[in-house]
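Engineer: Protein chains in written order, with my numbering: chain A, 1 to 236; chain B, 237 to 533; chain C, 534 to 768.
Read the hints as simulated data drawn from the structure, not as lab findings. Some hints could be false.
Covered stretches of chain C (chain A as the covering partner; in silico rule of three or more C-beta atoms under 8 Å from a C-beta of chain A) [what the hints assert, rightly or not]:
id, segment
1, 543–551
2, 687–698
3, 714–725
Chain A regions said to be covered by chain C (calculated; three or more residues, Cβ under 8 Å) [claimed, not checked]:
id, segment
4, 64–76
5, 141–152
6, 202–215
We treat Cβ as the ideally placed atom computed from N, Cα and C, and that holds for glycine.
Each chain, written out:
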Amino acid sequence: MQSLTNISLKTIVKKQVKWKAKLYISALSSLVILQIIFGILLSSSGSTSGYGRGNLSVQFSIYSLDMFLIVSAFWAFIVAILFTTKAYRIDDLSVISSRTSSAIANIFVMIIYSFIAVVIMISTFYLKVLEILLVEKQSFIIENLFISPSILLLCFSSICLFGAIGLLLGTSFKGPTLIKVPIIVLLLIFISLVSINLNSLMMLPDLIISVIYLFVSVLCFCLTIWIADKSEVSRK
Amino acid sequence: MNIIQCEDLSKSFGRRNALQHVTCAIDAEKIIGIIGRNGAGKSTILNIIAGYIKPTSGSCKVFNENPFNNIQTAANMIFIDDRLSFSDYLSLEDILKFGADFYPNWQSELAYRMLDYAGLDLTAKHQQLSKGQLATFNLVYGLVSRCALTILDEPMNGMDEAIRTDFYRAILKEYLAFPRTILITSHHLQEMESILEEILLIDKGSIIAHAPLDEFKEQLISLSGPSDALADLLSETEVYAQTIVAGMTSAIVDTSKLFVSEDLLRSKGITLSHLTASEVCKYLTSKEGSDIDAIFD
Amino acid sequence: MKATFFLFFMPLLLVAAIFLLLSKLSKKIKIWTPKRIMIGITGYLVLGLTAFLYISFFAESKIQVLSPFEMKQLEKKLEQIQKYDLENDSSYLTEDYKKKTWELKYEGDTLPVIVNGDDSGSNYIIRMRYKDNIDSGKAIVTYYQLPVILDGIDLSDKVPLPNVYMAHNELFIESLSEQQVNYDRIKPTLSILDFNREVEQEPYAMDYSYSNVLIIDIPRSTVLEDSQGLVQYIR
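Start from the sequences, fold in the hints, and give me the full structure.
Structural biologist: Here's what the structure looks like:
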């Protein structure tokens, strides 16, 4: 009798990540297009704040990273859900894989893409600034050209968090029924909790917020793997 | 060690019972035909063996392990059906590289030769292939991966006759070069008979028969002769089907339940004829007394 | 609560809609292979980097944003200057802040002062001083501009000066109508966070409303007629 091949989960996950990072790249190209649409073409005025002092009235048009981060976060959420849809799942069955290995690979791809998303976000921001300098005629004020690392980390963790929630939601939809309902209920509770405490959350320093986001992301990832381990799949 | 061991396996989807108390064992490297009518439960049992779905009750062991979500089982198993899909970005050549990266026993050279023989353009995309070309490619993919357990779910669907014959030979030759357990389901049993070693017959979620091919064929026998001569013989034994035309009866009976010698039968004017495996399958799975002609009469 | 909920879902739906559009389009455009997409994205990032380099080397913003440290120093300085008001001593108003000087001639010994202010309120204080070295019939009006910091930017240059002139032997001081200034401000942070934090914590912006000072220097022989009661004496 033939001897059986023994392959570790780590090897398979590595191979899956390598191929998935390449094959899912249309997600990143759609992020670039989204950033260009929302960041550069649409928000041409930035947000404004005005002051009045005596007979001097000042209008500031502020161009900051907000819009880019929001677009990237929503992109991560949608892309994560897409990764768990049937078409992508059954593609995984064509090679050596299990639901667990595919889930872990998706998580790593999500993390890698979040990192690249931050870099794309920064590029779009600078392109936008360039556009303002060349196009707008009014005087500009550059507060600081360098983005601080704590802001970058915060952006990365926000995008990662939205991706993690998307993966968890998508995976639990395909999971066993007993798990589907509690997870969705849990997520709804979580979202309502966050929206209530949002103000107090924003008071904390950047680094703490990042750590909280990363912690919740890791939690979501673990839950995703646990649910994937119990999920069935069918080509039909 | 049994390669596949199912004990009292049951699977239900909601209220529909796809499999009921299935017990079987496959103990060596063979080419086994999994035969059954549409909706008999073939795909279900294959999906359980492949580790894609969990049984509702009972156990299934592949290579002595539970196959569900098991990476070790997945490393030694490949499931080929017409829904095998790959990313839009991969051409056939890229898919071969993809497979080669994962499967340790992958035969690249052989794959190229087979696809060249079949006349497939390697720069085409998987989604662009015609039904027959798709079946050919999928089968090649399954064979060159050289997995210890190869499951082919209706692999010849859509292939033209000439290429079907070629690929039956290809399966056999590959099997001889690298022995492995091959489970094939097909609706064309007569074509496949030449390469099968065993047959597993499933009907309505249960295993009707599981035997080597020759044994299987011997299960039923056809008797034909004068109706009056056959009448009392038939009353003593289980009849699967019978037709009466102008005083002559043809009946299909269970061989094991026939306790008369061939000479005695011949003296009564009754002739025995053997059935093909597909005929045996047909009679074993058809409803007692049902006949398509009856609907139109 | 409902508003934020709505605000949250609108962009999400928009992003999802554009995504669907993109996926439908991409089915037709099959020229993109993963390799080309990777090159495209890398090109985009290089473009962003080039933009950054261009901005950092070539873009010059004449306006400087004050750091909190600088602002604290300025605050101390201004406190010092404000002593002019507390101690009624004009020596605190140094040459640095002198913005404009008007020399006006008038007849006689009395100088009526009429201040026409805008409804928005004039943001300067008027003081009068007796100077010995001025000839009679002459008045020197000096306007001192104190720093006006709004959101970290010194806007003293943009404050419109009052209009000072003599008419019918009366000194008119008029403040001009509102002037609007627009700026584009590039801030590489998350303004949601900044906005919320600003409200709670110490404001980054120093919005001190130190009024500017207008000093009228007249010889001792002249009497200033201040019918509106806006002019005070200073040493």
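Engineer: Evaluate each hint against the coordinates.
Structural biologist: We went through each hint and held it up to the structure:
| no. | hint | result |
| --- | --- | --- |
| 1 | 543–551 | holds (count 5) |
| 2 | 687–698 | holds (count 4) |
| 3 | 714–725 | holds (count 12) |
| 4 | 64–76 | holds (count 8) |
| 5 | 141–152 | holds (count 9) |
| 6 | 202–215 | holds (count 3) |
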